[in-house]
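Below are the chains, spelled out letter by letter.
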Amino acid sequence: MIRMVFAVLLLGLVAGGAGAEPIGDCIPCHREKTPAAVRQWEGSAHARAKVGCEKCHGTDHEKMLRGEARVDMKVCGPCHKKAHDEHKASRHGMGLHSGWGCTRNMPNRNPNECGFCHEEGTLAPKSGVQCARFLKQSSEMGENGCNYCHNVESSCASCHTNHDTDLKIVKDPASCAKCHMGPDHPQWEMWQTSLHGTLNGSKGAELGPDCQRCHMVSGTHNVSIGITKSSAGIPYSGEKFTANREAMLKVCSQCHAPSFARRELTRDDAILKQSLAIVKEAEGIVGDLYDRKLLDPMPDKRPPHPLKGAELVLDSQLLYEDTSHIERLLFKMKKYDYARTIKGAYHQNPAYTHWYGNAELKMDLVDVKAEASRLGSRRQPLAQKSDGSSSEEQLRVLKSRMERGGMTSDEYAREKEKVLKEMSVKDAEINSKTP
Amino acid sequence: MLFARTVVSVFAAVLLAGCASSPLRGEPPAGVRITKIADVSQGATFAVDPAGKRVAVANPGLGIIDLPTDVVTAVNPDSPEALAWSSNGERLAAAFCGVNDCRVRIYDQQGALKGETPLPGKVGALLWRTATELLISVAELKTYTFGVDYAQKLYRWDGVTAPTGELLHNTTIYGAGGRKRAPYAHRLFTLTLSPYGDAMLYSRLYEPPEFPPYLRVIERHLASGVDRIVAKTGIDAPTAVYGSAADTVWSGDGVARLTHNDIWREKELDSLPTPGRLLAVSPGGRNLLADGSLYRDGKPLLSFQPDVAGAFAADGARLFIRSGSRMFLVEGLPADPLPLMTEEHRDQLLTLRKWRSEGLISPDEFSRSLERMKTP
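Line by line, the protein sequences are chains A and B.
When we follow this note's numbering, the leftmost residue of the first sequence carries the number 73, and every step to the right adds one.
When we follow this note's numbering, the leftmost residue of the second sequence carries the number 524, and every step to the right adds one.
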């Protein structure tokens with residue numbers, strides 16, 4: 073009998089050791105060292121499923137102490153495959169590929185960490201997504217000011233927290249607010265003060281849909297479903313637009329008549345188009361100044377752009393530092409004003425759409441034009457002779473515009489032909505008057 | 524019998540002497556006259572002024588031959604490495620070189636010294652860009668254990684202030700054969716001015732370690748400073764010359780083939796079965812002297828001894844040649860001056876050529892603009 077009991081106990085121990093995770097070693101010490109973390113885990117679904125510390129953190133304690141064993145998507149993915157795949161397909165999954173942050177200037181840096189972001193033997197980031205603004209920052213700013221949000225790409229804990237897996241956390245729109253706020257993407261602020269948000273405050277998500285209700289339908293981690301524009305605010309076209317619009321209309325139609333929802337979103341599309349035209353007008357002004365070598369300073373007279381060197385950069389890699397004043401105005405227009413206008417529209421917040429967005433956008437356009445006028449007034453007036461000097465400048469401007477992608481090759485050929493024909497006409501007139 | 528033999532011997536000697544003294548092979552065509560100008564040093568450098576009235580040549584030592592009066596003015600006892608008359612014929616530039624340095628001097632028409640400057644390295648060629656600006660190609664050599672560093676520099680000199688230099692190209696000449704060649708490598712650094720005076724051709728030496736050396740002919744637009752590769756030649760044919768309208772270039776492989784290329788449309792227009800070692804072309808580009816053969820529009824006209832070096836006068840109808848140790852004047856050739864144009868047209872043409880060199884207009888746009896220029 074005693075033998076049988078002993079055998080059963082032994083079997084139990086062996087069974088426990090073989091089937092369950094070895095939990096015991098970490099807890100006693102960490103209950104003392106990091107008690108809150110232990111408590112959070114103990115109350116979590118992971119604990120209930122016997123997913124212990126070693127399953128996520130591994131067993132190399134020295135590595136953990138060096139900060140090299142953080143838990144990211146690669147750890148979570150094998151068990152949470154659906155969520156992992158949905159997340160990777162969304163724009164959350166396209167963050168900076170910067171889960172660790174760039175530690176290049178930090179003390180006691182482990183050189184092996186470089187491989188997380190960089191190709192062997194080069195400073196080029198591995199990720200297809202590179203951000204010039206990130207590259208301009210110190211590693212400390214990059215970590216705290218960029219990666220704390222953008223590590224959503226690889227860190228599930230970014231939304232889910234580290235040890236407490238309570239879904240209540242991630243079902244609360246406040247969990248989105250950590251990142252989706254601020255001057256460039258104030259979705260939290262604009263949602264909170266929109267009709268949806270205020271109703272949510274009064275009566276909950278059933279009446280006032282929250283972020284998750286619209287953007288994570290049925291708990292999907294693909295937060296890009298229903299979005300009809302890129303991260304830079306450029307609308308999709310064709311099938312991609314249609315498919316995403318239909319997906320969003322399906323969401324809206326849970327509460328609203330489809331025709332109403334379609335009308336509203338179509339009006340928002342129009343606001344986007346109108347606002348984008350204002351941005352493009354400003355871009356054209358800045359590009360023209362560059363073509364005429366009137367930016368102050370010109371790109372080749374200031375620190376090089378981290379991705380493009382001594383070129384003018386007006387796309388989503390636009391910087392807010394080491395640029396000319398007019399480019400800084402353009403940055404605010406694109407990154408703040410335009411973003412607030414269109415996101416305010418799509419989030420049904422009139423104040424953001426109009427005053428924080430549209431009005432600022434237009435006022436900044438006034439400033440851009442004023443600055444352009446000031447810079448333009450510096451240019452020496454050209455003698456209007458037929459020595460070709462004004463024609464030459466026109467040709468140089470056209471060439472510059474062509475090289476920076478500001479016109480097609482057909483447009484370039486047409487404009488050049490105009491300049492050359494005009495030059496011939498002027499010369500013919502002068503020659504005909506010459507005795 | 525003895526008398527007859529003597530007469531025959533004398534006659535034969537005269538005949539032979541007469542045959543040996545002519546640079547021409549065969550009879551000249553009707554209207555073409557060849558006159559000996561002077562005896563000169565074997566293979567001497569020479570330069571003809573634009574009007575074709577004065578010839579500067581080493582005979583030995585530098586002398587200026589005034590053709591209308593036959594007066595020879597001795598200018599310098601040393602033989603020059605390079606010579607060039609200014610475009611207005613008022614100044615003569617001459618380079619005198621030692622082992623590793625040179626002195627460039629400017630004289631007036633009477634041989635009086637007007638300016639002088641030392642330069643490190645050896646002068647390859649002299650070229651007057653304008654009546655007052657002289658371009659000087661200089662090869663600077665530095666010998667190392669692994670080879671010889673060969674730097675090609677272009678100096679600009681106004682005859683008054685210190686010349687300013689610019690490095691155009693740099694390469695290393697390897698091996699024992701290279702070391703033997705290196706002291707003469709400056710002769711590969713030739714300069715040719717375009718008929719419109721706005722661009723020049725120069726040659727860059729390339730010495731890939733595992734392959735034979737070669738030259739690339741570069742056209743540099745002098746106002747814009749833009750360089751373009753227009754031909755590849757053999758090191759035995761360092762000189763390239765402009766063809767018609769200065770949009771084409773003749774260059775040889777140094778072995779057996781001289782090609783005529785449209786340098787803007789990058790296509791071969793013509794070729795001649797000659798290595799292209801000694802070239803000269805008339806201002807209009809239609810008369811070409813290549814390795815002793817004179818061509819008009821690509822067709823053979825006259826044949827000289829193959830060692831003949833020549834230079835055309837501005838009218839293209841007179842050709843000055845040096846054959847061995849003698850200089851001759853060939854007259855009566857079909858004229859080929861630079862086409863006449865008004866000053867406005869010339870300015871327009873130069874502007875269009877500058878724009879084309881900078882890529883502001885394409886070759887087709889250039890051609891269309893020229894057509895519009897010609898058709899009021």
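Simulated from the structure, these hints should not be mistaken for lab results.
Bear in mind the structure is a predicted one, so any value in this text is a computation, not a measurement.
Keep in mind that a hint or two might mislead.
To be verified - Taking lysine-lysine pairs in the DSSO-like style, the calculated list, with each CA pair at most 30 angstroms apart, reads:
| id | chain 1 | residue 1 | chain 2 | residue 2 |
| --- | --- | --- | --- | --- |
| 1 | B | Lys897 | A | Lys490 |
| 2 | A | Lys373 | B | Lys897 |
| 3 | B | Lys665 | A | Lys471 |
| 4 | A | Lys471 | B | Lys897 |
| 5 | B | Lys790 | A | Lys471 |
Hints and how they fare:
For a cut-off of 30 angstroms, the pair hint linking Lys897/B to Lys490/A stands: about 18 angstroms separates their Cα positions. About 43 angstroms separates the Cα atoms of Lys373/A and Lys897/B, which puts this hinted pair outside 30 angstroms; it is violated. Restraint check for Lys665/B and Lys471/A: not satisfied, since their Cα atoms lie roughly 42 angstroms apart, outside the 30 angstroms limit. Distance check on the hinted pair: Lys471/A and Lys897/B sit about 26 angstroms apart at the alpha-carbon level, within 30 angstroms; holds.
This hinted pair checks out: Lys790/B and Lys471/A have alpha carbons roughly 26 angstroms apart, not beyond 30 angstroms.
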